[in-house]
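There are 2 protein chains.
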Amino acid sequence: MTTETSNEIFPKGVAAPSEYFTGSAWVKTLLPGDEVFNTVIAHVVFEPGARNNWHTHPGGQILIVTDGEGLYQEKGRSAQKLTKGDVVRIPPGILHWHGAAGDSRFSHIAINPGTDKGTVNWLERVTDEEYQAAG
Amino acid sequence: MTTETSNEIFPKGVAAPSEYFTGSAWVKTLLPGDEVFNTVIAHVVFEPGARNNWHTHPGGQILIVTDGEGLYQEKGRSAQKLTKGDVVRIPPGILHWHGAAGDSRFSHIAINPGTDKGTVNWLERVTDEEYQAAG
Numbered sequence: 020m021t022t023e024t025s026n027e028i029f030p031k032g033v034a035a036p037s038e039y040f041t042g043s044a045w046v047k048t049l050l051p052g053d054e055v056f057n058t059v060i061a062h063v064v065f066e067p068g069a070r071n072n073w074h075t076h077p078g079g080q081i082l083i084v085t086d087g088e089g090l091y092q093e094k095g096r097s098a099q100k101l102t103k104g105d106v107v108r109i110p111p112g113i114l115h116w117h118g119a120a121g122d123s124r125f126s127h128i129a130i131n132p133g134t135d136k137g138t139v140n141w142l143e144r145v146t147d148e149e150y151q152a153a154g
Numbered sequence: 020m021t022t023e024t025s026n027e028i029f030p031k032g033v034a035a036p037s038e039y040f041t042g043s044a045w046v047k048t049l050l051p052g053d054e055v056f057n058t059v060i061a062h063v064v065f066e067p068g069a070r071n072n073w074h075t076h077p078g079g080q081i082l083i084v085t086d087g088e089g090l091y092q093e094k095g096r097s098a099q100k101l102t103k104g105d106v107v108r109i110p111p112g113i114l115h116w117h118g119a120a121g122d123s124r125f126s127h128i129a130i131n132p133g134t135d136k137g138t139v140n141w142l143e144r145v146t147d148e149e150y151q152a153a154g
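Sequence lines, in order, name chains A and B.
Counting in my numbering, the first sequence runs from 20 upward without gaps.
Counting in my numbering, the second sequence runs from 20 upward without gaps.
Next up, chain A with everything else stripped away, as it sits in the complex (with noise of 0.2 Å):
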């Protein structure tokens, strides 16, 4: 091989919907939601410069980043870089958005527990302006 070894844990899975995602994205549902457990994970994989949009979660969420580099932003905040091993700890209702650098594949698991008060509420892409100060 001649690149970086990746983890591969997981495979792709689907396409993003491009509504809530800004460049490609894949996402592989690994718990779907249900009334025993409360939570719904995923595993999602960002192709480079790729991100989505801003959003809130009702319950809140965990990532657990797997592989590449990216970036998470609290609205009002400096962005914050992501390699493997990192969690993040996103508290219910606080807006933000997650995704790849600009050079790089960027891979998470993400954990919404309380689903019973929703998942996920979408908002306003993250724009190219914002990418970029961002990275």
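Just so you know, not all the hints are guaranteed correct.
Note that identical chains are pooled: a pair holds if it fits in a single copy or bridges any two copies.
What the hints assert, rightly or not - List time: in silico EDC-like cross-link candidates among lysine to aspartate or glutamate, alpha-carbon distance up to 16 Å: (1) K103 - E27; (2) K94 - D105; (3) K31 - E66; (4) K136 - E93; (5) K136 - E54; (6) K47 - D105; (7) K31 - D105; (8) K100 - E88; (9) K94 - E54; (10) K100 - D122; (11) K47 - E27.
Quick caveat, the hints were computed from the structure, so don't treat them as lab data.
Note that this is a predicted model, so its numbers are computed, not measured.
Following the hints, put chain B in place on chain A, whose structure we already have.
Quick look at chain B alone, frame taken from chain A:
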């Protein structure tokens, strides 16, 4: 390297308590329990042959296998072989154990939702006879 490439997403963590584990295992806490998420997350590495005691989770547990070859068994059922990317859904109150195969390390993320109900109730050790029958 002469061995299979490991994911090594997380540091190994601290030694698992010998009271509840047979053989060597390592626990890295990824999300401590709190009232916001009501969820505890850890990464666990089992050395070959290591396993935890029979136990139950009052809020259930989800395992996500990150590396190696392992085993999962519910009381009264055949053991299930596990490999990278597998997800195990363990409902509340189900008596079970998990651990490494005899000839492989084994690593998983363990997600415990509903920790307001409790996290884990430990029971007796998995005997060598039970372990050998499972593998």
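Verification of the hints:
no. : hint        : result
1   : K103 - E27  : both (13 Å within a copy, 9 Å between copies)
2   : K94 - D105  : neither (20 Å within a copy, 35 Å between copies)
3   : K31 - E66   : within (11 Å within a copy, 29 Å between copies)
4   : K136 - E93  : neither (21 Å within a copy, 31 Å between copies)
5   : K136 - E54  : both (12 Å within a copy, 15 Å between copies)
6   : K47 - D105  : between (20 Å within a copy, 12 Å between copies)
7   : K31 - D105  : between (20 Å within a copy, 14 Å between copies)
8   : K100 - E88  : within (7 Å within a copy, 32 Å between copies)
9   : K94 - E54   : neither (31 Å within a copy, 23 Å between copies)
10  : K100 - D122 : within (13 Å within a copy, 37 Å between copies)
11  : K47 - E27   : within (12 Å within a copy, 21 Å between copies)
The structure is inconsistent with the numbered hints 2, 4 and 9, although it conforms to all the rest.
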